[in-house]
Amino acid sequence: MREILQVKGLVKNFSKKTAVAGVDFTISEGEFVGLLGPNGAGKTTTIKMLTGLLKPTEGEVIYYGRDFFRHARESKRFIGVVHQYSNLDRDLTAYENLYLHCILHGIPKIERDSKIKEALEFAGLTEYEDKEVKTFSGGMKRRLIIVRALLHEPKILYLDEPTVGLDPQIRRSLWDLIVKINQIKSMAILLTTHYIEEAERLCQRVMIINKGRIISSGSPEQLKKGVGRYVLEIFYDDHIEERFFSTRDEALEELRKCTLSCRIREITLEDVFLKLTGRRINV
Amino acid sequence: MFNGIKGVLYRELNVYRKRAGKQLLATSLSPLLFLIAFGWGFGDRVMAEGLPYITFLIPGLITMSSLNQSYGIAQEINITRFYFHLFDEYLIAPVTHIEIVLGEILYGMFKGLLSTLLIFIYATLFKVQLILSPLFFIAILIHTFLFASLGTTMAMVVRDHGSQATVNTFVITPMVFLCGTFFSVDKLPYLFKSIVYLLPLTYSTKVIRASLTGGTVNPLYLSLMIIFAGLFFFSAYLAVKKVEA
Ligand SMILES: Nc1ncnc2c1ncn2[C@@H]1O[C@H](COP(=O)(O)OP(=O)(O)OP(=O)(O)O)[C@@H](O)[C@H]1O
Ligand SMILES: [Mg+2]
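Chains A and B, in that order, give the protein sequences.
For the first sequence, my numbering assigns the number 1 to the initial residue and increments by one for each residue that follows.
For the second sequence, my numbering assigns the number 1001 to the initial residue and increments by one for each residue that follows.
Derived by calculation from the structure, the hints in this document are not laboratory data.
Simulated pairs of lysine-lysine, DSS-like, Cα-Cα distance not exceeding 30 Å: (1) B:Lys-1241 / A:Lys-55; (2) B:Lys-1241 / A:Lys-8; (3) A:Lys-134 / B:Lys-1018; (4) B:Lys-1241 / A:Lys-16; (5) A:Lys-131 / A:Lys-117; (6) B:Lys-1241 / A:Lys-155; (7) A:Lys-131 / B:Lys-1022; (8) B:Lys-1241 / A:Lys-17; (9) A:Lys-275 / A:Lys-224; (10) A:Lys-117 / A:Lys-141; (11) A:Lys-109 / A:Lys-155; (12) B:Lys-1241 / A:Lys-109; (13) A:Lys-115 / B:Lys-1018; (14) A:Lys-109 / B:Lys-1018; (15) A:Lys-8 / B:Lys-1242; (16) A:Lys-134 / A:Lys-180; (17) A:Lys-117 / A:Lys-180; (18) B:Lys-1006 / A:Lys-117; (19) A:Lys-155 / A:Lys-115; (20) B:Lys-1018 / A:Lys-117; (21) A:Lys-115 / A:Lys-134; (22) A:Lys-155 / A:Lys-8; (23) B:Lys-1006 / A:Lys-185; (24) B:Lys-1018 / A:Lys-141; (25) B:Lys-1242 / A:Lys-17; (26) A:Lys-55 / B:Lys-1242; (27) B:Lys-1006 / A:Lys-141; (28) A:Lys-134 / B:Lys-1022; (29) A:Lys-155 / B:Lys-1006; (30) B:Lys-1242 / A:Lys-155; (31) A:Lys-141 / B:Lys-1022; (32) B:Lys-1242 / A:Lys-16.
Here are some chain B residues pointing at chain A (derived, C-beta under 7 Å): (33) Lys-1006; (34) Gly-1007; (35) Tyr-1010; (36) Arg-1011; (37) Asn-1014; (38) Phe-1084; (39) His-1085; (40) Leu-1086.
Please read these numbers as outputs of a predicted model, since none were measured by experiment.
Glycine included, C-beta positions come from ideal geometry on N, C-alpha and C.
The task is simple: from the sequences and hints, build the whole structure.
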């Protein structure tokens, strides 16, 4: 598959604080990649630099072999963005919000109406077409923002914590929508999240980011294998110790020696993060 | 081409359309109050720069009201920027910064011209004779362009909604009252006079008043308006270019 995006040595400093401390990766057509990290890890800052909302202090962003900042206008055609926060116009209707996007992205007038109708249907919002966005629930707004980002048929879609603050049921319905976008529209996706389950279920490849650096990257399976398949949890009075083993038998053997209360379970990405950084991703 | 201009205008005009009634009412109220208070109050007994006061006042009100409207987009841009984050939509679109700036300025000019129209209606109601010269149209276009550019600049420079209000209180309101709207600036004491001659509104007022009342327009003043307009447009462009979301 062709490479869409290449990121080289990306750094962002805010006055004294370093938010992104040198990040390198590539994304190819159709890939579903996750950027998993705790609050303040630098996920949003990274996305903003990849979409032209922030200027990097250092480093290069390259779309289809061309420098993003020198060819901003052309490159932006390849990009769809869903921000962490809602950036809909609450005084406009769903239809008008999508129409505005069509104008800004130069979609020909004759195609606009059918594209908007299709997008609203895809989001399950057809009957709300003429309602002002300020009357929408959080889940409806999210769906509208997501399909808006698809109107100009980008090659890569950035989703910055798309399900944050939504209840579990709505989160699941959004997952379905996102998977559909990746599979049916074969669009590459870079999704940031601090939900382990989200990264594990959706992404083919996960990059773990902490303190502005990508500390590990691979498929969820590879990442877990790198640390061990099984976890032995030992429950002390004031904390839980976790030990990692690559086979169940090894873990069992250790369990037998255990005098405190213990249990064995399969490893998750949370454990991977804990092993790599010494702290939990969600505190 | 011009997708940025079209997009910004589409957004602004649609939002305006939805509030048109309320907006027009608000725009028409304060000039009417000034007209009643000063126009009727002083009547023909008072003369200013050789004109009956109400004839003197109306061009001043046109300048003031169109300034308020054109510059007032700063407030609206602030809301789209800080509360709706809609500016991000503009910034991630494949459009240039100039287009975004021009879109906002055209919207500001639209509002300024609308308020001008309103005051022409008042002038007719108050039976004030104005002369519509081509020079007036040129002047009002430059004037609204100038203050819409200033509004756009301010909206980008301020850090939040509150500092916007501060700028209005300390810069815009004093300017509106001192730069010849209600009385001739030549009556001001020397110190004030030297200050108001640094402000663009003074020139707008003089040029617009002269062009509407059959006076002679000083080409220097018109040139200064153009220079101010160019400067503010450039500052608006730089400010939008620099803005990070
Ligand atoms: N405009 C800014 N000025 C100063 N510091 C900033 C700015 N934006 C972000 N930061 C800092 O940079 C770091 C990374 O922030 P960022 O928003 O990228 O994290 P994140 O991974 O998206 O976190 P979250 O899960 O909370 O969204 C944080 O410590 C944050 O405080
Ligand atoms: Mg974030």
